[in-house]
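Novice: Could you put the whole structure together from the sequences, leaning on the hints where they help?
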Amino acid sequence: MKALSVAYKNLKRKKIRTVLTIVGVGVAVAVLVSLFGFDAGYQRSLNNDIDKLGYHILVTAKGCPYEAATLMLKGGGGLRYMEDDVYKRILNDSRIDKIAPQLVASVYNQEGQGGRGAFALYMGIEKTYLYLKPWSEFKSGGWFSGPDSDEAIMGYEAAEVEQRLVGDQIFVPGINKVLTVKGIFQRTGTQDDGIIFIPLSTAQNIFELPGKLTGIGIKLKNIQDMAQFEEDLYNVPGIQVISLAQVRGTILNLVGSARAMANSIALIAIFIAIISVTNTILMSVFERTREIGVMKALGASAADIFKIIWMETILICIFGGIFGVAVAMFGSSAVEYIIRQTLPYAPTGKLVLIKPALLALSFLATVVMGLIAGTYPALRASLMKPVEAIRSGE
Amino acid sequence: MRRILTVIILVLIIGLPHMSSFAAVGCTLNDPDRDVKRLFPESTGYRTVFITIKEKGGEALRNEIENQLGDTLEPIYESIDVPYSFYTVLKGKEIIGYMHGVNQKGRYGGMQLILATELKGGIKAFYYQKMSSPEAGKFMDKEFTDKFTGLSLQDFLTGNLNIADPSINSSQDFAATLRGLKKNLILFNKLLPEKAQ
Chain A
1 MKALSVAYKN LKRKKIRTVL TIVGVGVAVA VLVSLFGFDA GYQRSLNNDI
51 DKLGYHILVT AKGCPYEAAT LMLKGGGGLR YMEDDVYKRI LNDSRIDKIA
101 PQLVASVYNQ EGQGGRGAFA LYMGIEKTYL YLKPWSEFKS GGWFSGPDSD
151 EAIMGYEAAE VEQRLVGDQI FVPGINKVLT VKGIFQRTGT QDDGIIFIPL
201 STAQNIFELP GKLTGIGIKL KNIQDMAQFE EDLYNVPGIQ VISLAQVRGT
251 ILNLVGSARA MANSIALIAI FIAIISVTNT ILMSVFERTR EIGVMKALGA
301 SAADIFKIIW METILICIFG GIFGVAVAMF GSSAVEYIIR QTLPYAPTGK
351 LVLIKPALLA LSFLATVVMG LIAGTYPALR ASLMKPVEAI RSGE
Chain B
1001 MRRILTVIIL VLIIGLPHMS SFAAVGCTLN DPDRDVKRLF PESTGYRTVF
1051 ITIKEKGGEA LRNEIENQLG DTLEPIYESI DVPYSFYTVL KGKEIIGYMH
1101 GVNQKGRYGG MQLILATELK GGIKAFYYQK MSSPEAGKFM DKEFTDKFTG
1151 LSLQDFLTGN LNIADPSINS SQDFAATLRG LKKNLILFNK LLPEKAQ
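Going down the list, the protein sequences come from chains A and B.
Mapping of the first sequence onto this note's numbering: position 173 corresponds to residue 173, and the numbering continues sequentially without gaps.
Mapping of the second sequence onto this note's numbering: position 117 corresponds to residue 1117, and the numbering continues sequentially without gaps.
For the record, the hints were derived by calculation from the structure and aren't laboratory data.
Owing to the predicted nature of the structure, the values given are computational and were not obtained by experimental measurement.
There may be inaccurate statements among the hints.
Unchecked claim - As a list, the in silico EDC-like pairs of lysine to aspartate or glutamate whose alpha-carbon atoms are at most 20 Å apart:
#: 1; chain 1: A; residue 1: Lys139; chain 2: A; residue 2: Glu151
#: 2; chain 1: B; residue 1: Lys1138; chain 2: B; residue 2: Glu1118
#: 3; chain 1: A; residue 1: Lys88; chain 2: A; residue 2: Glu126
#: 4; chain 1: A; residue 1: Lys139; chain 2: B; residue 2: Glu1135
#: 5; chain 1: A; residue 1: Lys177; chain 2: B; residue 2: Asp1146
#: 6; chain 1: A; residue 1: Lys98; chain 2: A; residue 2: Glu151
Specialist: Now the structure itself:
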């Protein structure tokens, strides 16, 4: 207890140096917590996004990604479509649990964005779409009255922005079509919230895409059949098969490279923090050589000196750990904002997930870091010979 | 290459629907820097505040607004916690005008009605930031929107407007426009604390 008190008083003697060292340790801890928090949060959000798609496999027309990239980059239309024969061909495969054909169509709205023009997206679906997404519930209204009805079901946000209630009308620009709102979904926290759904047949008719689809979502009865199922579909001409497990792995791999680099930076930050703490304490020991000599001459043992110096290091690391943990907690929103601006693809949901266990572990790691960083200066101080120390300190 | 393709597809599946022209509920300017400069070329900056009826007076204020509007506010989309945005336009430190928008339910979709007002509250410019209607072009035509220039809240309250419906079959949207503009001016009058009188 006495060693702790002496160590604390020693730190207070050089306030600025102590504070700067604590801040250095704190920054290293904050970086560490944020990176591990990002690691956990990103994976969870990505898994959540992919799981909420509701299917294991997506079948699209060949060439679609190129067109999709054009659409995304240049805001142009021209998605690639495949024949719905593909759907009919695989519909009765016994390995399939649920299957949902989709048709995404984009129309150019001349009056969008204050007259500057904008694209609006509509998705044609069948009721099987809901089987893939059992969590989708109606806030009001219900399913289309028929497969060819001129009706729409709106995602929560779409209805909010368009201020639509069940029974209201919506206008599809570009093709001058009026649809009646039949239902509004509850908020799901997915992309579905912003979509306007229409019956698949209606979509094929009004967008003049008879027998066309943009994708088929498939959920298998047994996930173990995925590889063979994919293999079988590779023989169907004009389509490509994407397993979402593979997409998940690919994105995590891509992000993994950036993560590895960030982790290296964190390790370097921690290494620098350790060196900085060791250097600070060592300087303090050198400055107090005479004082340490006097303490030893008055009867302080090597163990007492070792304890005092070690305690100083640990105190710095404890305060640094508390500061770093606080910065990480309160700064997580800012870190999340920066990550969202930087990453090419950021899933919805919280990207930086800081759990109490992570905070506790990081704090513990900081204390261990203090133990390591303080060993050499404490050892050096404890091994000083009293007479030599008093003489060299003069 | 295969990796890139799969990522693009995922972005397409997950992210594409967000490309639609949906905006936030509280009607904000699409591009405030550009929009403010376009309507106030002499401006050097602007301040933005978001204010709800709830925080400025709650139910009592809503009743006042409804009385002036002569209509009830729709409980879901015009609730008292909808944030309204006000842009105070500056030239140096001097306030030279305001910009403010509201969402208004139209016949075929939500409208976003943006007003630029002068210090005394007169309309300097009006435009539709968003509108869905088969006759949207007629409403968004400058010839129609310019007819509101110079009008003030008083003109809307007394009904002294003398502006004809530009459409043939969209009288509901014309009525919605007048209601939305009146609501916009009432909210501007009631909610903006620093407004110059």
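Novice: So, for every hint listed, does it hold in this structure?
Specialist: Right, here's what the structure says about each hint:
Straight-line distance between C-alpha atoms of Lys139 (chain A) and Glu151 (chain A) comes to about 16 Å, which keeps the hinted pair within the 20 Å bound. Restraint check: the Cα-Cα separation between Lys1138 (chain B) and Glu1118 (chain B) comes to about 26 Å, which exceeds 20 Å; the hinted pair is violated. The hinted pair formed by Lys88 (chain A) and Glu126 (chain A) meets the criterion: a straight-line CA distance of about 14 Å does not exceed 20 Å. In summary, the hint linking Lys139 (chain A) to Glu1135 (chain B) is not supported, as the alpha carbons are separated by about 30 Å, beyond the 20 Å threshold.
In summary, the hint linking Lys177 (chain A) to Asp1146 (chain B) is not supported, as the alpha carbons are separated by about 29 Å, beyond the 20 Å threshold. For the suggested pair Lys98 (chain A) and Glu151 (chain A), the alpha carbons sit about 24 Å apart, so the restraint of at most 20 Å is broken.
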